[in-house]
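Chemist: Spelled out, the chains give:
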Amino acid sequence: MADKRDVVIIGGGHNGLVTAFYLAKAGFKPLVLERRAQLGGAAITDEFYPGFRCSTLAHAAGPIRPDIVRDMQLEKNGLKLITPEVGVTALSPDGRAMVLYNDAKRAAQEISGFSQRDAAKYPEFQASLAKMGKVLAGALALAPPNIDDPSKADLWGMLQTGRAVRKLGKKDMYRLLRWGPMAVADLVAEFFETELLRATIAARGIFGTFLGPWSAGSSLVLLIRAAGDSHPAGSAHFAAGGMGAVTQAMTAAAKAAGAEIRSGVEVIEVRVKDGAATSVVLSTGEEITAKAIISNADPKRTLLKLVDPTHLAPDFVLKLQHYRMPGTVAKVNLALSGLPSFTALKGGNTDALGGRIHIGPEIDYLERAFDQSKYGSFSAHPYLEIAIPSISDPSLAPAGKHVMSVYVQYAPYKLKGSNWESQRVPLGDTVVKTIAQYAPNLPSLIVSHQIITPQDLEDTYGLTGGHIFHGELSLDQFFTMRPLLDWARYRTPIQKLYLCGSGTHPGAGLTGGSGANAAREILKDLKK
Amino acid sequence: MASSKYDVIVIGGGHNGLVNAAYLARAGKKVVVLERRYVLGGAAVTEEVFPGFKFSVCSYVVSLLRPEIIRDLDLPRHGLEILPLDGTFTPMPNGDYLWRVNDHGKTHREIARHSKLDAEAYDEFGKAMQAMCRFVKPILSMVPPDPATLNPRELMKLLFIGRRFQGMTSEDKYNQVQLMTMSAVDFLDQWFETDVLKATMSASGIIGTFLGVRSPGTAYVLLHHYMGEIDGAFRSWGFARGGTGAISNSIADAAREAGAEIRTEAPIAKIIVKNGKAKGVVLNNGDEIYANVVSSSIDPRQTFINLMDSGNVPDEFLEEVRRFKFRGSSGKVNLALDGLPNFKCMPGVGAHLRGAMSISPSVEYMERAYDDAKYGNFSRRPYIDMVIPTLTDPSVAPPGKHIMSCFVQYAPYKLRPGLNWDDQKEAFGNNVIDTIAEYAPNIKNLILHKQVVTPLDLEREFGLSEGNIFQGELSLEQLFFLRPVPGWAQYRTPVKNLYMCGSATHPGGGIMGANGRLAALEILKDIKGAA
Numbered sequence: 000m001a002d003k004r005d006v007v008i009i010g011g012g013h014n015g016l017v018t019a020f021y022l023a024k025a026g027f028k029p030l031v032l033e034r035r036a037q038l039g040g041a042a043i044t045d046e047f048y049p050g051f052r053c054s055t056l057a058h059a060a061g062p063i064r065p066d067i068v069r070d071m072q073l074e075k076n077g078l079k080l081i082t083p084e085v086g087v088t089a090l091s092p093d094g095r096a097m098v099l100y101n102d103a104k105r106a107a108q109e110i111s112g113f114s115q116r117d118a119a120k121y122p123e124f125q126a127s128l129a130k131m132g133k134v135l136a137g138a139l140a141l142a143p144p145n146i147d148d149p150s151k152a153d154l155w156g157m158l159q160t161g162r163a164v165r166k167l168g169k170k171d172m173y174r175l176l177r178w179g180p181m182a183v184a185d186l187v188a189e190f191f192e193t194e195l196l197r198a199t200i201a202a203r204g205i206f207g208t209f210l211g212p213w214s215a216g217s218s219l220v221l222l223i224r225a226a227g228d229s230h231p232a233g234s235a236h237f238a239a240g241g242m243g244a245v246t247q248a249m250t251a252a253a254k255a256a257g258a259e260i261r262s263g264v265e266v267i268e269v270r271v272k273d274g275a276a277t278s279v280v281l282s283t284g285e286e287i288t289a290k291a292i293i294s295n296a297d298p299k300r301t302l303l304k305l306v307d308p309t310h311l312a313p314d315f316v317l318k319l320q321h322y323r324m325p326g327t328v329a330k331v332n333l334a335l336s337g338l339p340s341f342t343a344l345k346g347g348n349t350d351a352l353g354g355r356i357h358i359g360p361e362i363d364y365l366e367r368a369f370d371q372s373k374y375g376s377f378s379a380h381p382y383l384e385i386a387i388p389s390i391s392d393p394s395l396a397p398a399g400k401h402v403m404s405v406y407v408q409y410a411p412y413k414l415k416g417s418n419w420e421s422q423r424v425p426l427g428d429t430v431v432k433t434i435a436q437y438a439p440n441l442p443s444l445i446v447s448h449q450i451i452t453p454q455d456l457e458d459t460y461g462l463t464g465g466h467i468f469h470g471e472l473s474l475d476q477f478f479t480m481r482p483l484l485d486w487a488r489y490r491t492p493i494q495k496l497y498l499c500g501s502g503t504h505p506g507a508g509l510t511g512g513s514g515a516n517a518a519r520e521i522l523k524d525l526k527k
Numbered sequence: 000m001a002s003s004k005y006d007v008i009v010i011g012g013g014h015n016g017l018v019n020a021a022y023l024a025r026a027g028k029k030v031v032v033l034e035r036r037y038v039l040g041g042a043a044v045t046e047e048v049f050p051g052f053k054f055s056v057c058s059y060v061v062s063l064l065r066p067e068i069i070r071d072l073d074l075p076r077h078g079l080e081i082l083p084l085d086g087t088f089t090p091m092p093n094g095d096y097l098w099r100v101n102d103h104g105k106t107h108r109e110i111a112r113h114s115k116l117d118a119e120a121y122d123e124f125g126k127a128m129q130a131m132c133r134f135v136k137p138i139l140s141m142v143p144p145d146p147a148t149l150n151p152r153e154l155m156k157l158l159f160i161g162r163r164f165q166g167m168t169s170e171d172k173y174n175q176v177q178l179m180t181m182s183a184v185d186f187l188d189q190w191f192e193t194d195v196l197k198a199t200m201s202a203s204g205i206i207g208t209f210l211g212v213r214s215p216g217t218a219y220v221l222l223h224h225y226m227g228e229i230d231g232a233f234r235s236w237g238f239a240r241g242g243t244g245a246i247s248n249s250i251a252d253a254a255r256e257a258g259a260e261i262r263t264e265a266p267i268a269k270i271i272v273k274n275g276k277a278k279g280v281v282l283n284n285g286d287e288i289y290a291n292v293v294s295s296s297i298d299p300r301q302t303f304i305n306l307m308d309s310g311n312v313p314d315e316f317l318e319e320v321r322r323f324k325f326r327g328s329s330g331k332v333n334l335a336l337d338g339l340p341n342f343k344c345m346p347g348v349g350a351h352l353r354g355a356m357s358i359s360p361s362v363e364y365m366e367r368a369y370d371d372a373k374y375g376n377f378s379r380r381p382y383i384d385m386v387i388p389t390l391t392d393p394s395v396a397p398p399g400k401h402i403m404s405c406f407v408q409y410a411p412y413k414l415r416p417g418l419n420w421d422d423q424k425e426a427f428g429n430n431v432i433d434t435i436a437e438y439a440p441n442i443k444n445l446i447l448h449k450q451v452v453t454p455l456d457l458e459r460e461f462g463l464s465e466g467n468i469f470q471g472e473l474s475l476e477q478l479f480f481l482r483p484v485p486g487w488a489q490y491r492t493p494v495k496n497l498y499m500c501g502s503a504t505h506p507g508g509g510i511m512g513a514n515g516r517l518a519a520l521e522i523l524k525d526i527k528g529a530a
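From first to last, the protein sequence lines stand for chains P and E. Numbering follows numbering that gives the first Met the number 0, in which position 468 of the first sequence is assigned residue number 467; successive positions increment by one, without gaps. Numbering follows numbering that gives the first Met the number 0, in which position 418 of the second sequence is assigned residue number 417; successive positions increment by one, without gaps.
No lab work stands behind these hints: they were computed from the structure. Treat the hints with care, since some could be wrong.
Beyond 12 Å from chain E on every Cβ pair, some chain P residues (computed) [stated by the list, open to error]:
1. Ser-214
2. Lys-290
3. Gly-375
4. Ser-473
Derived DSBU-like pairs: lysine-lysine, alpha-carbon spacing no greater than 30 Å straight-line [to be verified]:
5. Lys-3(P) - Lys-290(P)
6. Lys-115(E) - Lys-169(P)
7. Lys-115(E) - Lys-373(P)
8. Lys-318(P) - Lys-126(E)
9. Lys-304(P) - Lys-172(E)
10. Lys-120(P) - Lys-151(P)
11. Lys-278(E) - Lys-115(E)
12. Lys-424(E) - Lys-169(P)
13. Lys-126(E) - Lys-169(P)
14. Lys-169(P) - Lys-104(P)
15. Lys-166(P) - Lys-324(E)
16. Lys-169(P) - Lys-343(E)
17. Lys-373(P) - Lys-432(P)
18. Lys-115(E) - Lys-304(P)
19. Lys-115(E) - Lys-170(P)
20. Lys-527(E) - Lys-4(E)
21. Lys-172(E) - Lys-156(E)
22. Lys-169(P) - Lys-4(E)
To spell it out: a stretch of chain E is covered by chain P in this simulated footprint if at least three of its residues, at any positions, have a beta carbon under 8 Å from a beta carbon of chain P; those stretches are [to be verified]:
23. 172–178
24. 471–484
Built from N, CA and C at the ideal position, the CB exists for glycine as well.
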């Protein structure tokens, strides 16, 4: 006998939990089904070595949209957000470091050690990003309009966005139009002369994507990120207890609002009858019928794997197959017996290590790292984004010891003439070797390590293609085109089946935006 | 001191300048065209570089010339004759080849030899691209709107585009959006599986840009080149009888007939500006020429930075001009041959030599060519597009001899520190010949003369800043209402009575003439308004 529910949500990642919360708050009784034993999707904390806990995948929040933090009362539900004064510390091979504080004045002061001109330009750039970010944030919080037949709400939303764009004034309005499709390398070169600064800001436009800084459109990614955080290189948004604490607080909020959450249950099929989703089938054979089924899994997994494609038009299937999600990121987590000493921070400026640490000192360095991935190898000299969260949150490691969390790019999902099983160790070695150039004592401090390849991202964490954003964030897969044109409004060609994950607008990063937008759209249907 | 007064001075006798002059003269204006070189045509020029060999030195094929211009100016009567160019032949290193021709059945069979699926998809692709061209074509003949104003006329233009977009089928919308945003290879990946087919097709997405085939935005350039139309047939390309210069000459002829005066070897030293208004020009020889309007067909860097005092142009505008991206990425090698190349994969003389021959054997080959350029080197193995015009039009070479025109990409204007183009020119040319010789080894024995045109030559000889053949990259952020300067895409400039009419304006480069025509229409509007 099938269990009956009003709403089933497949996947307990952060977006699934956000959607569950908003639906529960509106009086529905969502049931979240998480395949893994642990909730949180890509926002989780694991004890990967006795006594050492680390954000397994995502190590910093997007940041989470403020309205979501407020609505879900995440702080009351146990979340303690940590925002170190240092956003990013960029390391240079010449033994220097550029410490970018969140405070623009302090950042500019640091930059003036490299270039007076850049120091003067930095606040201007930040102000422009802030202005545009505000407009974009408005658009990111909207469900993309229906192009063929815009509703009143769509027109209102577009009008509001249009007005906000006009309010920018001619100069910034044209900037917005011009910057979107630009290569981020060009954009930063228009403002700055210091290579280290250029590369550090540009990195924000390529993170998690199959783009190099010279790829057109990489500025868009930077702009989307600026919508939540206008610091040119971004700031660091950590959580006490690691990123798992974010999703734990979300879980608590969703439960308190009335959602039911089950983990360790795998949905293997979404049943469809007469063009409408009717139930989900678990690996145990259990079937749960529901009035609506919402998937936090990526679009390909949802519609090409969980649904029998015979329920979809061949044309739609083809387009979805072409939805691009080639992962380019791997993750290395290190358990360390002590804090590595970075050559650039001889004075022992530990504060400088408290934010995110950037390795990728030149635009060409980043581009060359990208080049190799185009031909199916991981970068010999990768771009790294490092966090040592145990500095601001000592509870993550035994006293005096540390954990280091490293994003490695580029690590292409598809290797040419090889596979990730054989490349796992070489990748780990490359990462350690790369960091050791800046912190020579690192190898001697490593107690244990965890290497997560794009293949693992797919196999263990369910990210198709190993893509951490559920699909490339590029002009052709953005806004009304995410995941596909005509299907950007969280609905799918199958009635009563919805999407709420990062593969929908606005996607990208731990902001909760997709989950919140999806809930609002889905509620419109549920309340009919 | 010689002094004379005109209605309009057109700076530069390239095809756009000439079109501009012709339309203005036909409207009864007193027009003078001032060309720096001894010959008209700008980059659409034929020159007898070696005795008996008339090279289309730069631009070598035509397709985008707007039909309304051919009609309005009655160019065939002025000597324009376009001879069709049939097919694209791509030799491969494994001894195979891909040869697409205008004959639908033949091409279908040929592609099927590589992939049956692709042969089917190719037909579908052609239809889809035609639909896209139909959408974009009216935009080519349209003055870009200014989205930053609330002027209803401008908003109507945006609405017009919006409506046309709305009117498309869902399928076409999907394709259109992808074309505007994707990389050529990502776009083609959705249609085809044959690598060499994708490589050759993607090549038209990178021409004149400093982008690789995998860089977003290149799908649009692909469309830009797909839009070619000769006698109403989409996607057809041709030669002008007598070389590309014959096109410019026919336009010049039409302009003269309408009363325009055209002067060559009349280089300009300065544009005269008084009280924020353009008044005329000073020639290198000191002559001053005055006019009510100055229309510049040269690029914005030449116009606003090289020919004007900085005080005459608002700083903000100058800043935008400075950041307008040129960075030429291509060069040209023109060969005078004693005979015809013999391709290993298809020996002998055949129809494959009459069309375009493309060295673009794989997507990876194309991408690696770009990688070299990114770090300031010319491609070790470049993309080359070759034609032998003498097989179609023997008049441009002595009897029995041939011309082979090789367009080469990438040749980055800015070489890495320590290298310069004058030193690299020889090596660049030889590298091109070595590359061709890998496919047609006899080429080396056929060469009578060789002309190498580097991006630096394009700048010095032809006045194209940084050697960009389109007077500025055709990248998304430099198109339509952003070309060349956001807010100044309607051919006007912040300097009163000074206009732009070259390829740096909408709709961009290639021998289209649309820029010159649209600018002329805007100038006429303003003159009428002022009268």
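Chemist: Are the hints correct? Go through all of them and say.
Modeler: For each hint, the structure was consulted:
| no. | hint | result |
| --- | --- | --- |
| 1 | Ser-214 | violated (5 Å) |
| 2 | Lys-290 | holds (28 Å) |
| 3 | Gly-375 | violated (10 Å) |
| 4 | Ser-473 | violated (6 Å) |
| 5 | Lys-3(P) - Lys-290(P) | holds (9 Å) |
| 6 | Lys-115(E) - Lys-169(P) | violated (52 Å) |
| 7 | Lys-115(E) - Lys-373(P) | holds (27 Å) |
| 8 | Lys-318(P) - Lys-126(E) | holds (18 Å) |
| 9 | Lys-304(P) - Lys-172(E) | holds (27 Å) |
| 10 | Lys-120(P) - Lys-151(P) | violated (42 Å) |
| 11 | Lys-278(E) - Lys-115(E) | violated (64 Å) |
| 12 | Lys-424(E) - Lys-169(P) | violated (44 Å) |
| 13 | Lys-126(E) - Lys-169(P) | violated (39 Å) |
| 14 | Lys-169(P) - Lys-104(P) | holds (27 Å) |
| 15 | Lys-166(P) - Lys-324(E) | holds (28 Å) |
| 16 | Lys-169(P) - Lys-343(E) | violated (58 Å) |
| 17 | Lys-373(P) - Lys-432(P) | holds (22 Å) |
| 18 | Lys-115(E) - Lys-304(P) | holds (28 Å) |
| 19 | Lys-115(E) - Lys-170(P) | violated (52 Å) |
| 20 | Lys-527(E) - Lys-4(E) | holds (19 Å) |
| 21 | Lys-172(E) - Lys-156(E) | holds (19 Å) |
| 22 | Lys-169(P) - Lys-4(E) | violated (37 Å) |
| 23 | 172–178 | holds (count 4) |
| 24 | 471–484 | holds (count 5) |
Hint compliance for this structure: hints 1, 3, 4, 6, 10, 11, 12, 13, 16, 19, 22 are broken, all remaining hints hold.
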